[in-house]
Amino acid sequence: MADLAAAGRQPEVLFWVGCAGSFDDRAKKITKAFAALLQKAEVDFAVLGTEESCTGDPAKRSGNEFLFQMQAAMNIQVLNGYGVKKIVTTCPHCFNTLKNEYPGLGGEYEVMHHTAFLQDLIREGRLQIAGGTFKGKRITYHDPCYLGRANGIYEAPRELIRKLDAELVEMKRCKSRALCCGAGGAQMFKEPEKGDKDINMERTEQALETQPEVVAAACPFCNTMLTDGVKGKEKEQEIKVYDLAELLAGAADL
Amino acid sequence: MQHLPNILFVLALAAGIGYFSRNIGRLVRNIRMGREVTPEGPRSQRWANMARIALGQQKMVVRPWAGLLHIIVYVGFVVINIEVLEIVIDGVFGTHRIFAFLGPAYNVLIGSFEVLALLVIVAVIAFWMRRNVLRLSRFWKPEMKGWPKRDADWILYIELVLMCLFLTMNAADLNLQQLGADHYTRAGAFPVSGLIAPWFAGLSEASLVVLERAAWWLHILGILFFLNYLYYSKHLHILLAFPNTWWARLTPKGEMDNLESVRREVALMMDPDADPYAAPAEDAPPPEAFGASDVMDLSRVQLLAAYTCTECGRCTSECPANQTGKKLSPRRIMMATRDRLEEVGRQRNASKGDWEPDGKKLLDDYISREELWACTTCNACTEACPVSIDPLSIIMDMRRYLVMEQSAAPTELNAMMGNVENNGAPWPFNQMDRLNWAQES
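The listed protein sequences derive, respectively, from chains A and B. Under the working numbering, the first residue of the first sequence carries the number 1, and numbering increases by one thereafter. Under the working numbering, the first residue of the second sequence carries the number 255, and numbering increases by one thereafter.
Hints listed in this document are in silico derivations from the structure and should not be mistaken for laboratory results. Only a predicted model underlies this, so the values are computations on that prediction, with no experimental measurement involved. Each statement offered as a hint is correct.
When the alpha-carbon atoms are kept at most 25 angstroms apart in a straight line, the in silico DSS-like pairs for lysine-lysine are as follows:
no.	chain 1	residue 1	chain 2	residue 2
1	B	Lys581	B	Lys403
2	B	Lys399	A	Lys194
3	A	Lys137	A	Lys175
4	A	Lys190	B	Lys581
5	A	Lys194	B	Lys581
6	A	Lys28	A	Lys235
7	B	Lys581	A	Lys197
8	B	Lys313	A	Lys172
9	B	Lys395	A	Lys197
10	A	Lys197	B	Lys399
11	A	Lys172	B	Lys395
12	A	Lys233	A	Lys197
13	B	Lys403	B	Lys313
Could you build all of it, start to finish, from the sequences and the hints given here?
If you want it as structure tokens, here you go:
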């Protein structure tokens, strides 16, 4: 972003990579897949790179409003400094925070989740996806809480799966009644409280009931939780957990 | 002496309504202990939500069986109240079936009340079976032991008895009408009580009058009792569902409020011109606490919600933490909030309105930290609630208190927050490495 700004150019969209997308080895693959799709569609995009910092979501959900607002204030200064108008992100937590919680603190942007952004690219004909790799495969989709219930986005990810010519099989609990993967509310960063079972195992079992070949996710944290769940069930050979960006990039041979 | 029944009736009515009003006054006073809230967003949308969710029962039918049964009891309750209006007028003025002049319309009214009464009886029995025979697990969670369980059953018994009294009254009335008894005008259609009327056919006119009067009196006294039972019961939802859905948030579920008190502090910290040695003004109010540790720190909407909760447990049955055996139950959060609010209220009653801290708090004494930290903030509970209660907001306000007032977050979360603070990510990675992915293959 800094380079573009120095050259006096304003990109079409800022890709907010997020902490998981920047540092987590599994999530970095999602980042690369999405970046490849953006390049294929010839989207003029930029990233903040080293100027990006945590949105503050995990701090806020842990109850640390101070830390959240400090993070927000710093990020908003950077974003407003570059005159950013439109943001796309692969993480529903970043998406929710940027879209819903930053405006009240002085950061007003058009914020999109990458599934909706990709849907638009396909609709506009800028990105062509042929089923190919995933044609006829059984794919079940896990609704991330912060995309689905939190922001009412249920259809964009499903439309992408249909574009793959794949067979979309729904879990019993899907859309507004989908079960959480267990990572939200900063649970990702701590051990769960005492109970009978881990939430990600419960959700993985629900996913496996649909006998899928692929479990599709749209959130790097859900991805981690479900990948762990599938490994826990010793099914990682037959069943893959992929982000929608990876599925599309795979279908486009990127 | 002729007017004795009328006088007794007016006294009973006044006592019933008076005691209920006193308790509603206390309820309003208790709710006003919470922080004031200004309703944001368009009012029209609030009215629409109330019409759709409370009046229209939209979210009840997400679970079709329970939804159908509930609509029967709900419609029965609302419609049969027209009959109560007639009973009250008759009771005050000593008339009998005052609306009989409506003729055919009256027949339709009474006929439909009867059909509804029968349907209510069927639904109430089905509800009882779901609780006590099928034993649906959400009715047998730990927080439902004791009073909550008894409360739920008693509501069903009271409704059953009221409906049976109503039909008995009509059956006796029908017999009296057929005998041409004095005072008992021929009016009304009795599709249901007509079926049980033959049971009483052998009785004398005097016995029938006793039976009819007894059922009439017990029915209206039962209704007054039930009205007053509400305040002590989870059943308050029949009234409070309406204001509660009106006050429910209009913003996306994912949006958490930005604390204004924190915003001011952060603005001050970021302001290069702020005077670092500035002392607060002499008359400045003491800074407010961050988050909530007791009911007074919660908002009035949250306290209203605590009274509105009817403990159906749909939130708890959808909660990922509860489903996997954790202690957290969103329903219990609401029940505990109400219990604590009632305790504070009782103390204020005893001390004629003042509140002296009693050494107890909502936090720890009613809601444990283990419960608060088990929440994934997934909003399954708020989605499931048929009357738009938000248990998550209470959990988050209490987490805020734990973290910002007590620095009492779990160790791992402290480590995570330390990372966010120092290197801008929840993990200990260098911010300078953020773009490394672009160089990797």
